[in-house]
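Colleague: Each chain is listed here by its residues.
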Amino acid sequence: MQWWLGLALLISGYSMARMGPAFKRSKIGAPLFLIGLLMTLFPPDGLLSAESRASDEMLASLYWMIPAVAGFYLVASGAPIYYVTSKLRLMVGWVLVLFAGYLIFVNWSPGVESAILGIAAMLGVIVTVSLHLIAIRFTESLSPGDGITKPLDDEEVKHVSAILASHLSQMEASADE
Amino acid sequence: MSDFLTVFFGTIVLSSMIIIVHLKAAYHPYHNPIPLIISSLTVMLAGIFASSLVNTNLTFLETMRISVSESIISILILSPLIYLSISIILARVSISTRQIDIQ
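These protein sequence lines map, in sequence, to chains A and B. First residue of the first sequence? That's 1 in this note's numbering, and the numbers climb one at a time after it. First residue of the second sequence? That's 1 in this note's numbering, and the numbers climb one at a time after it.
Possibly wrong hints are sitting among the right ones.
[To be verified] Cβ-to-Cβ under 8 angstroms is the rule here; a few derived chain B residues that face chain A:
1) Phe-4
2) Thr-11
3) Ser-15
4) Ala-26
5) Pro-29
6) Ser-39
7) Arg-65
8) Ile-73
9) Ser-87
[Said to hold, decoys possible] Have a look at the derived ranges for each label pair, beta carbon to beta carbon:
10) A:Val-112 <-> B:Asn-32: 44 to 50 angstroms
11) A:Leu-98 <-> B:Ala-46: 40 to 46 angstroms
12) B:Leu-84 <-> A:Ala-30: 24 to 30 angstroms
13) B:Asn-57 <-> A:Leu-98: 43 to 49 angstroms
14) A:Ser-77 <-> B:Asn-57: 32 to 38 angstroms
15) B:Ile-38 <-> A:Leu-88: 46 to 52 angstroms
16) B:Val-93 <-> A:Ala-30: 22 to 28 angstroms
Hints were generated in silico from the structure; no laboratory data involved. Quick caveat: nothing in here was measured; it's all calculated off a predicted structure. Ideal Cβ placement from N, Cα and C applies to all residues, glycine included.
Looking at chain A on its own, in the form it has when it is part of the complex (with noise of 0.2 angstroms):
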């Protein structure tokens, strides 16, 4: 039950946290993911075989999960993204991607029979995929929608003219400095 839990944690920690700061729980969803990652890594006895080799497979991914989650933190902190570049987050992030690259290079040799079920799992990650979209697909068409937004009157437009130039005006000061 112990390790169920800890999987269910470590994915409503990933959902939370990436809710973002207008949500109070995003705060929470680092911790609950540690919480859940520790209960799913180190369970107490009585999983079944399957479960077990399932906790020792995620325990021996970490040795290059760990440093290829921090390198594509960085990297995408780092990256040219919204016009702004940080070159040190840039490299040390890739030199950690590399390394994790390095990591699975040297010890990463699927044989022909997990190959196969890696496909079978390709597969129904598809197949589940698809189904949620058709689903949304299917929920979205009962919304009646909200017509056609009126354009902005012109206290509107001085506000939103207001903001944006307020905007550039702050990203070109930083550029200078």
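Here the structure of chain A is known, so what remains is to put chain B in place on it, guided by the hints.
Modeller: Leaving out everything else, chain B in the frame of chain A:
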């Protein structure tokens, strides 16, 4: 073939579980998750049922536990390919020329 189908249906069950937990954890008042939870629950139960047809000697609960665990192992085997995909996307983003250097 039995292992292939066990992993295939196990991944369907696992993916549906992830969707359900995500919809619940990331709930906000501007979204009605109930239709999607119902559809994912239906897909999950269908996956457990199909998996139990492959593993007739096991109970529904054992079928679910084993098939989902096997699917986690298979996804972890594929995870280096996920690493490769993300790396390619980030490499493209990293060499984008639209930038203002803050260093």
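Colleague: Now tell me, hint by hint, if it's right for this structure.
Modeller: Verification of the supplied hints:
no., hint, verdict
1, Phe-4, "5 angstroms, holds"
2, Thr-11, "3 angstroms, holds"
3, Ser-15, "4 angstroms, holds"
4, Ala-26, "4 angstroms, holds"
5, Pro-29, "11 angstroms, violated"
6, Ser-39, "4 angstroms, holds"
7, Arg-65, "6 angstroms, holds"
8, Ile-73, "5 angstroms, holds"
9, Ser-87, "6 angstroms, holds"
10, A:Val-112 <-> B:Asn-32: 44 to 50 angstroms, "45 angstroms, holds"
11, A:Leu-98 <-> B:Ala-46: 40 to 46 angstroms, "42 angstroms, holds"
12, B:Leu-84 <-> A:Ala-30: 24 to 30 angstroms, "26 angstroms, holds"
13, B:Asn-57 <-> A:Leu-98: 43 to 49 angstroms, "47 angstroms, holds"
14, A:Ser-77 <-> B:Asn-57: 32 to 38 angstroms, "51 angstroms, violated"
15, B:Ile-38 <-> A:Leu-88: 46 to 52 angstroms, "48 angstroms, holds"
16, B:Val-93 <-> A:Ala-30: 22 to 28 angstroms, "23 angstroms, holds"
Figure legend: structure checked against the earlier numbered hints; hints not met, in rising order: 5 and 14.
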